[in-house]
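Asker: Here's the letter readout for the chains.
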Amino acid sequence: MSTTDLESQDSMEAESSEYEEDDDGVDDYYTNVSDDEGMSSDKEEDPESFEFVIIDTNEAVQIFDSMVAKVSQEIKVTKSVARLLLIQHEWNTEKILERHRVDPVGMLVEGRIIPEKSVSQTTTRSLLCPVCFQRCAKSNTSSAPCGHTFCNDCWMLYCVNQLKIGLASGIECMNCDLLIGEEMAYKVLKNEAAREKYRQFLFNDEVKGHPLIRWCPGNDCGCLVKVVESKAKRIWCSNCYSVFCFMCGEKYHAPTDCYTIKKWLTKCEDDSETANYITANTKDCPNCGSCIEKNGGCNHMQCIKCKHDFCWMCCGDWRTHGSEYYECSRYKSNPNIVNESAGIQAREALKKYLFYFERWQNHADSLKREEETKRKINQKIQEKVNNNIGTWIDWQYLLDAALLLAKCRYTLMYTYPYAYFMEDDRKKLFEYQQAQLELEIENLSWKLERDELYCRGDFENQMDIAEKRRQTLLKDFLVL
Amino acid sequence: MAGAALKRLMAEYKQLTLDSPEGILAGPLSEENFFEWEALITGPEGTPFEGGVFTTRLVFPPDYPLSPPKMRFTCDMFHPNVYPDGRVCISILHAPGDDPMGYESSAERWSPVQSVEKILLSVVSMLAEPNDESGANVDASKRQRDQSTGTTLDLEDLDAETSVSPSQATIVCTP
Numbered sequence: 001m002s003t004t005d006l007e008s009q010d011s012m013e014a015e016s017s018e019y020e021e022d023d024d025g026v027d028d029y030y031t032n033v034s035d036d037e038g039m040s041s042d043k044e045e046d047p048e049s050f051e052f053v054i055i056d057t058n059e060a061v062q063i064f065d066s067m068v069a070k071v072s073q074e075i076k077v078t079k080s081v082a083r084l085l086l087i088q089h090e091w092n093t094e095k096i097l098e099r100h101r102v103d104p105v106g107m108l109v110e111g112r113i114i115p116e117k118s119v120s121q122t123t124t125r126s127l128l129c130p131v132c133f134q135r136c137a138k139s140n141t142s143s144a145p146c147g148h149t150f151c152n153d154c155w156m157l158y159c160v161n162q163l164k165i166g167l168a169s170g171i172e173c174m175n176c177d178l179l180i181g182e183e184m185a186y187k188v189l190k191n192e193a194a195r196e197k198y199r200q201f202l203f204n205d206e207v208k209g210h211p212l213i214r215w216c217p218g219n220d221c222g223c224l225v226k227v228v229e230s231k232a233k234r235i236w237c238s239n240c241y242s243v244f245c246f247m248c249g250e251k252y253h254a255p256t257d258c259y260t261i262k263k264w265l266t267k268c269e270d271d272s273e274t275a276n277y278i279t280a281n282t283k284d285c286p287n288c289g290s291c292i293e294k295n296g297g298c299n300h301m302q303c304i305k306c307k308h309d310f311c312w313m314c315c316g317d318w319r320t321h322g323s324e325y326y327e328c329s330r331y332k333s334n335p336n337i338v339n340e341s342a343g344i345q346a347r348e349a350l351k352k353y354l355f356y357f358e359r360w361q362n363h364a365d366s367l368k369r370e371e372e373t374k375r376k377i378n379q380k381i382q383e384k385v386n387n388n389i390g391t392w393i394d395w396q397y398l399l400d401a402a403l404l405l406a407k408c409r410y411t412l413m414y415t416y417p418y419a420y421f422m423e424d425d426r427k428k429l430f431e432y433q434q435a436q437l438e439l440e441i442e443n444l445s446w447k448l449e450r451d452e453l454y455c456r457g458d459f460e461n462q463m464d465i466a467e468k469r470r471q472t473l474l475k476d477f478l479v480l
Numbered sequence: 001m002a003g004a005a006l007k008r009l010m011a012e013y014k015q016l017t018l019d020s021p022e023g024i025l026a027g028p029l030s031e032e033n034f035f036e037w038e039a040l041i042t043g044p045e046g047t048p049f050e051g052g053v054f055t056t057r058l059v060f061p062p063d064y065p066l067s068p069p070k071m072r073f074t075c076d077m078f079h080p081n082v083y084p085d086g087r088v089c090i091s092i093l094h095a096p097g098d099d100p101m102g103y104e105s106s107a108e109r110w111s112p113v114q115s116v117e118k119i120l121l122s123v124v125s126m127l128a129e130p131n132d133e134s135g136a137n138v139d140a141s142k143r144q145r146d147q148s149t150g151t152t153l154d155l156e157d158l159d160a161e162t163s164v165s166p167s168q169a170t171i172v173c174t175p
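From first to last, the protein sequence lines stand for chains A and B. With UniProt numbering, letter number 87 in the first sequence gets 87, and the count goes up by one each step, no holes. With UniProt numbering, letter number 91 in the second sequence gets 91, and the count goes up by one each step, no holes.
Treat each hint with caution, since some may be false.
[As the list claims (entries may be wrong)] Listed below are several chain B residues computed to face chain A (Cβ distance under 10 Å; list not exhaustive):
1) Q15
2) G51
3) T55
4) P69
[Said to hold, decoys possible] Straight-line distance between alpha carbons at most 30 Å, and here's what the computed DSSO-like set of lysine-lysine pairs gives:
5) K138(A) - K7(B)
6) K187(A) - K7(B)
7) K251(A) - K79(A)
Keep in mind that the hints were calculated from the coordinates and are not lab data. Computed from a prediction, not measured in an experiment: that's the story for all the values here. Glycine included, every Cβ here is placed at the ideal spot set by N, Cα and C.
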């Protein structure tokens, strides 16, 4: 097994670092070797491969600023206007240039950058500010292109107020809905703290508007991730080590798609299954309607609230059961059929949900114990080395196996929400592949925990099979 | 912040005392506190409110005029756009962004260029033309809709139903 092959089976970390290596020209090196051609095409087909870079805010600012400079030069507008246009058009430079060619005025009007009809500017040297009612020199006033003029003090108070509610690029004129833009905001915001806040909020707006850049969702991680195309693929942040999906920012969830995983997580959190449990396992007291769960074998129930005695089977009054109890076991066309079938349906739905949830939770729990497993393996390696059975380096394959196991478990865990919501005829194939992967990783897991002998070959074979199964499943079902 | 608000309120008060629109009277409750005003509104002619004088209370936030004041009628007021506790539901008193009924355009909402005078004029026209789309008082809105033949409330019907007849209001509100 060559080194690169091992790498591809390595931890998630190793896989994301592949790109960096590719950049260093490792790929070029391999393409010259004919033997490896098959392998490199394998790599291209890896359904999880995804090109991305982790950048810090300074780099992001540079990216944004260079685009702003380009657009402002191309269509001869101020940088302030160019930035607003880029945020509004999701940083699609071509679209802006195209619209500028066809209808430059329309684009600016629609973007709330220039007014539909311009307002005549006052020509007097001083004016009465309509907000504070103070007379002030014209030099101390500002206005957006709409011509609504106010004194700079009022503008400043207003902008600070707007920043408080989280607006930056969206700050409008005080009298109409024209946007005021950064140029004017910086002019009126005298306070350095306020300027800094504006700068931050504006940057946030820029990131939000950019389809290929997003914040890393890790706790307090100030990094951003930049991708080449917007897809629901795995991102691994080299700063805070969080692994997440580029599209939704949730934990990476292949082969389930963003929409389904959200539905699943919401379902796991909300009470819909509690309701199903209640329908499936309780009955309402026929007298007072309280919800009752049967806790013993006897069918004679007494409502704890209203003391009504009734039969659990037919919900009839218990008094009628004194002489003819076995009436209930005789089949009668059920007048209560509607309620009954609802109960049965609920029971089925609950059963289905619990089936998938149990498996999902099981893998989640196993993954939580990953650290523990690692510690145990390290201990085992230490023992072996102390007993002079092989060298430290000989036993490292056990750790590799544990990492691969975690990776496969992770994918497997996320196959269950997918299967829960799956309706079509591919479900059979999916479940088959799922079962295959499940089997392989159980084998691997068993080996890892029990095997005492040195059987690296066996292990690597098993690891290879497991990873192949995982890849096949993803290749067939990962929705892009 | 509050300094700017105080200056502005004083300026508005001055302007209103010098030249106030017909049927409107407004000013701070006391010279000590410029952030709480009382305003008197005479009912517009040709409406069930004709001949009445209605008292309202305006409370200004410290960041006025960036945020709108709160306004409530301190007399009884049976009107589709006035809550039973007297609060007025009118778009000019809502800051852009908060839209309790979800249909106001931001152009008719509060902005720093609005003023007490404009609010009161809006309330006068609200009295004349209730908006039954945004019912603050459901009973009043329902009555308004039931009589949808005209745009104004039926004077006699209203008089029979509510304690706020114009004559009563006049008595209640005479300073």
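Asker: So, for every hint listed, does it hold in this structure?
Answerer: Evaluation of the provided hints:
1. Q15: holds, 7 Å
2. G51: At about 34 Å, which exceeds the 10 Å cut-off, the nearest Cβ of chain A leaves the hint on G51(B) violated.
3. T55: violated, 26 Å
4. P69: Given a least distance of 15 Å, the restraint on P69(B) is violated.
5. K138(A) - K7(B): holds, 20 Å
6. K187(A) - K7(B): Holds. K187(A) to K7(B) sits at ~24 Å (cutoff 30 Å).
7. K251(A) - K79(A): violated, 37 Å
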